[in-house]
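Each chain, letter by letter, is given below.
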Amino acid sequence: AQTVTQSQPEMSVQEAETVTLSCTYDTSESDYYLFWYKQPPSRQMILVIRQEAYKQQNATENRFSVNFQKAAKSFSLKISDSQLGDAAMYFCAYSGNNAGNMLTFGGGTRLMVKP
Amino acid sequence: NAGVMQNPRHLVRRRGQEARLRCSPMKGHSHVYWYRQLPEEGLKFMVYLQKENIIDESGMPKERFSAEFPKEGPSILRIQQVVRGDSAAYFCASSPQRATYEQYFGPGTRLTVT
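Heads up: the protein sequence lines correspond to chains A and B, in order. Under our numbering, read the first sequence as residues 1 to 115, first letter to last. Under our numbering, read the second sequence as residues 1 to 114, first letter to last.
Errors might be hidden in some of the hints.
[Said to hold, decoys possible] Beta-carbon label-pair distances, calculated as ranges:
| no. | chain 1 | residue 1 | chain 2 | residue 2 | range |
| --- | --- | --- | --- | --- | --- |
| 1 | B | THR112 | A | MET112 | 37 to 45 Å |
| 2 | B | LYS62 | A | ARG63 | 43 to 51 Å |
| 3 | A | GLN57 | B | GLN97 | 24 to 32 Å |
| 4 | A | SER28 | B | LYS62 | 22 to 30 Å |
| 5 | A | ASP81 | B | PRO61 | 38 to 46 Å |
[Said to hold, decoys possible] Short, incomplete list of chain B residues facing chain A, as computed with Cβ under 7 Å:
| no. | residue |
| --- | --- |
| 6 | LEU43 |
| 7 | PHE65 |
| 8 | PHE105 |
| 9 | PRO107 |
| 10 | GLY108 |
I should point out that these hints are in silico values taken from the structure, not numbers from a laboratory. We put the CB at the ideal spot given by N, CA and C, even for glycine.
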């Protein structure tokens, strides 16, 4: 079974600074997808960024980028120029082609942004 | 195009009552997933349905929980004889096909069992 681990329960960052959230996963599949979701206090799950495992190039979405290390099974999220609105829970998630496409989530990292 | 809709947003039930949670997928989406989020935890997969079919229910407790997605109408997650441990946020996600990168989440239903 696939597992996703987020080892940082809480992180804080100064506004306008950069922060990196860590995620590791375990799988025996070769083809899969990885995601970062943001959950603000409203509890709505918002997709931040996704990465296809077969792509070597790291995904980027504006201020959000990932460092995908397939051999190490590591998938970290970097947030540049942090804004107050970035404060939220962040969840790393995995989806494999052979697993019915359901998402397996990590336990989450609470990000606080200091003004 | 309206997003995934869930109702009610908040539901309070006494122990032993039944809870019915509804999910209307995005227009054109025929695949629905249900996830449960316990306090201070990540989301856990419960069940995956297509219209009139349960594809994978490996994450759903065998007792008291059931799900359906009829040909017409919303998907329903039903919890019979609720207990305090069922208190959680229940999220529905929909996708247009069996795709691994297009799951759109609803706002969730927060169930409180008193």
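Right, here's what the structure says about each hint:
1. Against the hinted window of 37 to 45 Å, the Cβ-Cβ separation of THR112 of chain B and MET112 of chain A comes to about 27 Å, which falls outside the hint.
2. Under the hint 43 to 51 Å, the C-beta atoms of LYS62 of chain B and ARG63 of chain A, about 44 Å apart, fit the expected range.
3. Look at GLN57 of chain A against GLN97 of chain B: about 25 Å separates their beta carbons, and that is inside 24 to 32 Å.
4. Between SER28 of chain A and LYS62 of chain B the CB atoms are about 27 Å apart, so this pair conforms to the stated range of 22 to 30 Å.
5. For ASP81 of chain A paired with PRO61 of chain B, a C-beta distance near 44 Å keeps the hint of 38 to 46 Å intact.
6. Interface hint at LEU43 of chain B: satisfied, since its Cβ lies 5 Å from the closest Cβ of chain A, which is below the 7 Å cut-off.
7. A distance limit of 7 Å between C-beta atoms decides the matter here; for PHE65 of chain B the minimum to chain A is near 16 Å, and the interface restraint is violated.
8. Taking 7 Å as the C-beta contact cut-off toward chain A, the hint placing PHE105 of chain B at the interface holds, the least distance being around 4 Å.
9. At a threshold of 7 Å, the smallest CB-CB gap from PRO107 of chain B to chain A is about 5 Å, leaving the interface hint in force.
10. Among the interface hints, the one on GLY108 of chain B holds; its C-beta lies about 5 Å from the nearest C-beta in chain A, closer than the 7 Å criterion.
Violated hints for the displayed structure, listed by number in ascending order: 1 and 7.
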